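What follows is the residue order along each chain.
There are 2 protein chains.
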Amino acid sequence: MNIIVKKFGGTSVGDVDRIKKVARRVKKSQAEGHAVVVVVSARAGVTNSLIERAKAIQKNPADRELDVLMTCGEQETIALLCMALDAIGVEAVSRTGWQAGIITEGLHAKSRIREVSGGDIRKQLKAGKVVVVAGFQGVNDHGDLTTFGRGGSDLSAIALAGALRAKGCQIFTDVEGVFTADPRIVPKATKIEAINYEEMLELASSGSKVMQTRAVEFAQKHNIPFEVRSTFSTKPGTSVKKKVKSLEDTLVSGVAIDKNQVRVSITELPDRPGAAAAIFKVMAESGVIVDMIVQNVARNGKANLTFTVPSEDAFRAEKALKEHFADGASGKLGKSTNIAKVSVVGVGMRSHSGVASAFFEALANAGINMLMISTSEIKISVAVSPDQGDEATRVAHVAFGLGK
Amino acid sequence: MNIIVKKFGGTSVGDVDRIKKVARRVKKSQAEGHAVVVVVSARAGVTNSLIERAKAIQKNPADRELDVLMTCGEQETIALLCMALDAIGVEAVSRTGWQAGIITEGLHAKSRIREVSGGDIRKQLKAGKVVVVAGFQGVNDHGDLTTFGRGGSDLSAIALAGALRAKGCQIFTDVEGVFTADPRIVPKATKIEAINYEEMLELASSGSKVMQTRAVEFAQKHNIPFEVRSTFSTKPGTSVKKKVKSLEDTLVSGVAIDKNQVRVSITELPDRPGAAAAIFKVMAESGVIVDMIVQNVARNGKANLTFTVPSEDAFRAEKALKEHFADGASGKLGKSTNIAKVSVVGVGMRSHSGVASAFFEALANAGINMLMISTSEIKISVAVSPDQGDEATRVAHVAFGLGK
Numbered sequence: 075m076n077i078i079v080k081k082f083g084g085t086s087v088g089d090v091d092r093i094k095k096v097a098r099r100v101k102k103s104q105a106e107g108h109a110v111v112v113v114v115s116a117r118a119g120v121t122n123s124l125i126e127r128a129k130a131i132q133k134n135p136a137d138r139e140l141d142v143l144m145t146c147g148e149q150e151t152i153a154l155l156c157m158a159l160d161a162i163g164v165e166a167v168s169r170t171g172w173q174a175g176i177i178t179e180g181l182h183a184k185s186r187i188r189e190v191s192g193g194d195i196r197k198q199l200k201a202g203k204v205v206v207v208a209g210f211q212g213v214n215d216h217g218d219l220t221t222f223g224r225g226g227s228d229l230s231a232i233a234l235a236g237a238l239r240a241k242g243c244q245i246f247t248d249v250e251g252v253f254t255a256d257p258r259i260v261p262k263a264t265k266i267e268a269i270n271y272e273e274m275l276e277l278a279s280s281g282s283k284v285m286q287t288r289a290v291e292f293a294q295k296h297n298i299p300f301e302v303r304s305t306f307s308t309k310p311g312t313s314v315k316k317k318v319k320s321l322e323d324t325l326v327s328g329v330a331i332d333k334n335q336v337r338v339s340i341t342e343l344p345d346r347p348g349a350a351a352a353i354f355k356v357m358a359e360s361g362v363i364v365d366m367i368v369q370n371v372a373r374n375g376k377a378n379l380t381f382t383v384p385s386e387d388a389f390r391a392e393k394a395l396k397e398h399f400a401d402g403a404s405g406k407l408g409k410s411t412n413i414a415k416v417s418v419v420g421v422g423m424r425s426h427s428g429v430a431s432a433f434f435e436a437l438a439n440a441g442i443n444m445l446m447i448s449t450s451e452i453k454i455s456v457a458v459s460p461d462q463g464d465e466a467t468r469v470a471h472v473a474f475g476l477g478k
Numbered sequence: 075m076n077i078i079v080k081k082f083g084g085t086s087v088g089d090v091d092r093i094k095k096v097a098r099r100v101k102k103s104q105a106e107g108h109a110v111v112v113v114v115s116a117r118a119g120v121t122n123s124l125i126e127r128a129k130a131i132q133k134n135p136a137d138r139e140l141d142v143l144m145t146c147g148e149q150e151t152i153a154l155l156c157m158a159l160d161a162i163g164v165e166a167v168s169r170t171g172w173q174a175g176i177i178t179e180g181l182h183a184k185s186r187i188r189e190v191s192g193g194d195i196r197k198q199l200k201a202g203k204v205v206v207v208a209g210f211q212g213v214n215d216h217g218d219l220t221t222f223g224r225g226g227s228d229l230s231a232i233a234l235a236g237a238l239r240a241k242g243c244q245i246f247t248d249v250e251g252v253f254t255a256d257p258r259i260v261p262k263a264t265k266i267e268a269i270n271y272e273e274m275l276e277l278a279s280s281g282s283k284v285m286q287t288r289a290v291e292f293a294q295k296h297n298i299p300f301e302v303r304s305t306f307s308t309k310p311g312t313s314v315k316k317k318v319k320s321l322e323d324t325l326v327s328g329v330a331i332d333k334n335q336v337r338v339s340i341t342e343l344p345d346r347p348g349a350a351a352a353i354f355k356v357m358a359e360s361g362v363i364v365d366m367i368v369q370n371v372a373r374n375g376k377a378n379l380t381f382t383v384p385s386e387d388a389f390r391a392e393k394a395l396k397e398h399f400a401d402g403a404s405g406k407l408g409k410s411t412n413i414a415k416v417s418v419v420g421v422g423m424r425s426h427s428g429v430a431s432a433f434f435e436a437l438a439n440a441g442i443n444m445l446m447i448s449t450s451e452i453k454i455s456v457a458v459s460p461d462q463g464d465e466a467t468r469v470a471h472v473a474f475g476l477g478k
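Residue numbers (the working numbering), protein chains in the order written: chain A, 75 to 478; chain B, 75 to 478.
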């Protein structure tokens, strides 16, 4: 069977007309010989209005019951899409997360997928039916309904594609694929035809908002190739897979920018083992995700430690650190500042030196000062002043010969 | 364990404030030493808006997917009520129909309960938790979500009470119980303290809108006593059970009126076996429920057949009959007219003669003409002109010494 899994997000199924449009698209794919599994999210806005209603009853609703409430969102969509398919003569059958055998473990509201059986989906496909599955949700060993958190429907689609040994998995979004840079910032940016999991992961975690990292990590771990493409066009998108044939000289695949970061500085940190570790323990306990970290060489037994956190976590991070120092820990909290993080990503840089120097030189020529630098095997990130972020992105894009 | 099952309908959980009110009521019952299971419907209006959305996509949505859609309604309520309970310090856990082990059979949208396991409800109750169960829904052997049709949450509550061997089952509604007649028509009507299943069934099917007959039939079949009482007061309601101790001379328990009936007449029907049966086969195939049936003695080989159908089925009934006669069947469709059906109900009439004559005499004295008569073992119904229905109800209420 030529199984294909297609995932449509909340905007793509946002209203009756869009649901009908998705149905026509699914019909066309079936007519082309595919056995189609569709994974859908809750209609845009539904999840938020459910949460609002919950908060009107209790400010901090228990996650278990919040999951029971939230799973209604996708359950509504699967029924509506099946009706839309039926209306245009396509036999379809819906499956909630538990009916599709999506077994989860871990905490409510951020469950992990432990196992996907697929239930009787293959049987239904063999009978010529389209199967419409509720994304974002599963069931745990206690029979409780669970959800995956942000980006959860992408995860459902990729996991199902793996379990069903699908020939393809298509993630439909409101962009045409993964670009060499954000086209709103770099007009010459072009769509990347193919990219490997690692690059996709680094781009996702560096500010490219196309997909959440969780789904990509799952795809990488289980080697499930997928394609990111647009709901609103028929053009091919970006293939994400294990190995991408590329020209020898493709050092950098894309440039990403994340404007949503705040730099936190700590001065007068004692230069002894454990001092920095204590800081990051405080951050972890406060649920703050730390991104770039730089520690300077110590002078006079004191070091400076600088790191970035997502803007929405900045207040929480500062509060926790103030308490930490108030409790007697040595060190001094500096003033936090907004920064933009610009990253160049590419597996090519593994075997090539000179990427960092080319990047830094291009920035220097443009008069852009680097506030922080951090590197991974296939990524180089620099923090720059927020008003220079866009320019830094354009400069990098040109420096590595990307785009048109 | 002193288990009590409480069922709250859509109006009782219609908004955030009412859900909170139900939560307080449940808390009180638990404090009094009960192990409480709550069965809830979808919030008033939710089911209709889900159906509207479905119809915007497809005029006649498939029942399977309609069930998937509809079950979201109660699933939302169970989560919200658990949050409301948690907010006032009551540990609660929700269960959808399938989680509560409510197994169904038969058609979608009007499934029957085959079996109720209760899942782990007893275990949760033992742990001191309130269990909130989604009414109106279950799961069939194929793992499909199913619903029970109108009055389905009453059925869920009664079936759960039976399965859990509950000490009590309370059906909360917007009336204080079952009355000797509709108090809006008969101001002197009084609440009936206790009534047996058969009487309740006859009252329900004769126009008393307190409960749907299905739930009562289930209670009767499995001998599960229950109480009908008001959400908005703390007064005891009406107990419905197998045997009710009553004074010897209670011939009639109540008078019911159904204004929602249309009389269909067929003349010139051939007086031969099968002619009437063919008519009712046509009705059954059109899904029309026929109530009172009267066939006159034939003259000149032709008979007149008259029966009543619910108003909402009248158009469908006429259409089907017109086609039947157009296809060559003998007979002529007369003009349909609205009627009011007034019924006196009481198990006492089984062993007493004279109830019919007392009823008819009272109507005659009031100048009310009877258009049709039909009787069962414990009920006598007459069809009268719609403008005389209320008066006929009051006359019967007085004739049998009911009320204050």
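Just so you know, the hints here were simulated from the structure itself, not pulled from any lab data. Treat each hint with caution, since some may be false.
Put simply, identical chains are the same to the list, so a pair is met inside one copy or across any two.
Derived pair list, reagent style SDA-like, types lysine to any residue, alpha-carbon separation capped at 20 Å [unchecked claim]:
no.	residue 1	residue 2
1	LYS129	GLN294
2	LYS262	ALA118
3	LYS95	ALA130
4	LYS355	PRO384
5	LYS203	ALA136
Predicted model only: the values in this text are computed from it and were never measured.
Hints versus structure:
1. LYS129 - GLN294: neither (37 Å within a copy, 41 Å between copies)
2. LYS262 - ALA118: neither (31 Å within a copy, 54 Å between copies)
3. LYS95 - ALA130: between (35 Å within a copy, 14 Å between copies)
4. LYS355 - PRO384: So LYS355 and PRO384 pass the 20 Å test inside one copy only (17 Å; across, 70 Å).
5. LYS203 - ALA136: For LYS203 and ALA136, the Cα distance is within 20 Å only across copies (14 Å; inside one copy 38 Å).
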